[in-house]
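Engineer: Residue 43 in this note's numbering is what sits at position 39 of the sequence shown, and the numbering runs on without skipping anything.
Careful, some of the hints might be misleading.
Each computed SDA-like pair below joins lysine to any residue, with the alpha-carbon atoms no more than 20 Å apart [unchecked claim]: (1) K113 / D167; (2) K113 / M75; (3) K261 / Q76; (4) K261 / G79; (5) K261 / P149; (6) K113 / T78; (7) K113 / G168; (8) K113 / L135; (9) K113 / V148; (10) K261 / S251; (11) K261 / P12; (12) K113 / H141; (13) K261 / R6; (14) K261 / S71; (15) K113 / Q76; (16) K113 / D80; (17) K113 / R169; (18) K261 / R69; (19) K113 / S71; (20) K113 / G159; (21) K113 / A124; (22) K261 / K113.
Derived CB-CB ranges, DEER-like [claimed, not checked]: (23) P12 / Q225: 25 to 31 Å; (24) P208 / G159: 15 to 21 Å; (25) A124 / Q187: 33 to 39 Å; (26) M222 / S106: 25 to 31 Å; (27) L135 / A260: 21 to 27 Å; (28) G168 / E268: 42 to 48 Å; (29) K113 / I221: 31 to 37 Å; (30) M75 / G281: 36 to 42 Å.
Because the hints were derived from the structure by calculation, they are not lab data.
Yeah, the Cβ is synthetic: ideal placement off N, Cα and C, and Gly gets one too.
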Amino acid sequence: MRLAEALPRPVAFVLGGGASFGAVQVGMLQALGEFGVAPDLVVGTSVGSINGAVLAEDPRGAASRLSHLWMQLTGDMVFPGRAVERVRTWHQHHTYLVSSDSLREVVAKTISTERIEDLALPFAATATDLLAAEVVHLESGPLVPAVLASAAVPGVYPPVRIDGRDLIDGGVVSNVPVDHVLQMGARSVVVLDCGVLGLHVEVPRTLPDMIAHAIGIMLRQQAARDVPEVARQVPVLYPPGPFPLTSSPLDFTASAKLMQEAYERTRRFLPAVQPSGPGLYGTPPLMSRTAPT
């Protein structure tokens, strides 16, 4: 039986957060498409909500569109301004360094659908309610603000106010939002994980690296908790990426390399997968020394 036929429908694609590591998801999509594995619904967090919105808008053409986007993306397009300008922004607003205007422009140019409910596939952008400290899944309303809220990295971008709530990056509480797709009716799940954000293969030796490493550990705990629970109920396909990742999540110069490596690893992985009911098919990169093949 072909892999696509072995996965009970509806099939949910879950795209996790990871800043510039979002390029990994493009390579995975390219390989999955070659094996006929396509989504019926999509959920994304942070950069995964940007990639996921394109996927939900254009399931057939998303891999090609996203490949073109990621080959063009630069750090200045996503995190614009020199250091002095970011300090000025911080002095003016006190809680963030960069305006979200440039990111809004990237998203608006990439996605033409105005409202979430008008996308070709059901879609949810996962964000965090800043004051209530709880996960929020945005499944209707204006699309661009929802994506910006999901990607509003705290301290970097300003919160996005939607329906009276101040929302920030969904990765704060649910970086790989696998559990929500069951509520959306999924009977199979495909996880497109950006990788081990911030984790290092050796003990961090600088303060920024130590902070990033600690954040990476916290992000992985959610996946370690939620993925096995979901896998007890439905098949969960977890393609490997080029892990562990050693570049910075703010460095967009490695996009082509990440896409290619993710494509090659996923393409090697998929022929060996034979789903036969609920279970975890693949190995989440839960620790930096884990390097699935």
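Engineer: For every hint, state whether the structure bears it out.
Structural biologist: Now for the hints, and whether the structure bears them out:
1. K113 / D167: Violated, at about 24 Å.
2. K113 / M75: holds (15 Å)
3. K261 / Q76: Judged against 20 Å, a Cα distance of about 14 Å means the pair holds.
4. K261 / G79: It holds: about 16 Å lies between the C-alpha atoms, which stays within 20 Å.
5. K261 / P149: Judged against 20 Å, a Cα distance of about 30 Å means the pair is violated.
6. K113 / T78: holds (15 Å)
7. K113 / G168: violated (27 Å)
8. K113 / L135: The hint is violated at about 31 Å.
9. K113 / V148: Given that 20 Å is the threshold and the Cα spacing comes to 10 Å, the pair holds.
10. K261 / S251: holds (11 Å)
11. K261 / P12: The hint is violated at about 33 Å.
12. K113 / H141: violated (23 Å)
13. K261 / R6: violated (29 Å)
14. K261 / S71: holds (12 Å)
15. K113 / Q76: holds (13 Å)
16. K113 / D80: holds (16 Å)
17. K113 / R169: violated (26 Å)
18. K261 / R69: Between K261 and R69 the Cα gap is close to 17 Å, so the pair holds against 20 Å.
19. K113 / S71: Roughly 15 Å separates the two Cα atoms, so the pair holds.
20. K113 / G159: Violated, because 25 Å separates the two Cα atoms, which is more than 20 Å.
21. K113 / A124: Roughly 18 Å between the alpha carbons, so the hint for K113 and A124 holds.
22. K261 / K113: violated (24 Å)
23. P12 / Q225: 25 to 31 Å: Distance hint for P12, Q225 holds at roughly 28 Å.
24. P208 / G159: 15 to 21 Å: Because 19 Å falls inside the window, the suggested range holds.
25. A124 / Q187: 33 to 39 Å: violated (20 Å)
26. M222 / S106: 25 to 31 Å: Given range 25 to 31 Å: holds, Cβ gap about 27 Å.
27. L135 / A260: 21 to 27 Å: violated (40 Å)
28. G168 / E268: 42 to 48 Å: Holds: the Cβ-Cβ distance is about 46 Å, inside 42 to 48 Å.
29. K113 / I221: 31 to 37 Å: holds (35 Å)
30. M75 / G281: 36 to 42 Å: holds (39 Å)
When held up to the earlier numbered hints, the structure conflicts with 1, 5, 7, 8, 11, 12, 13, 17, 20, 22, 25, 27 and fits the remainder.
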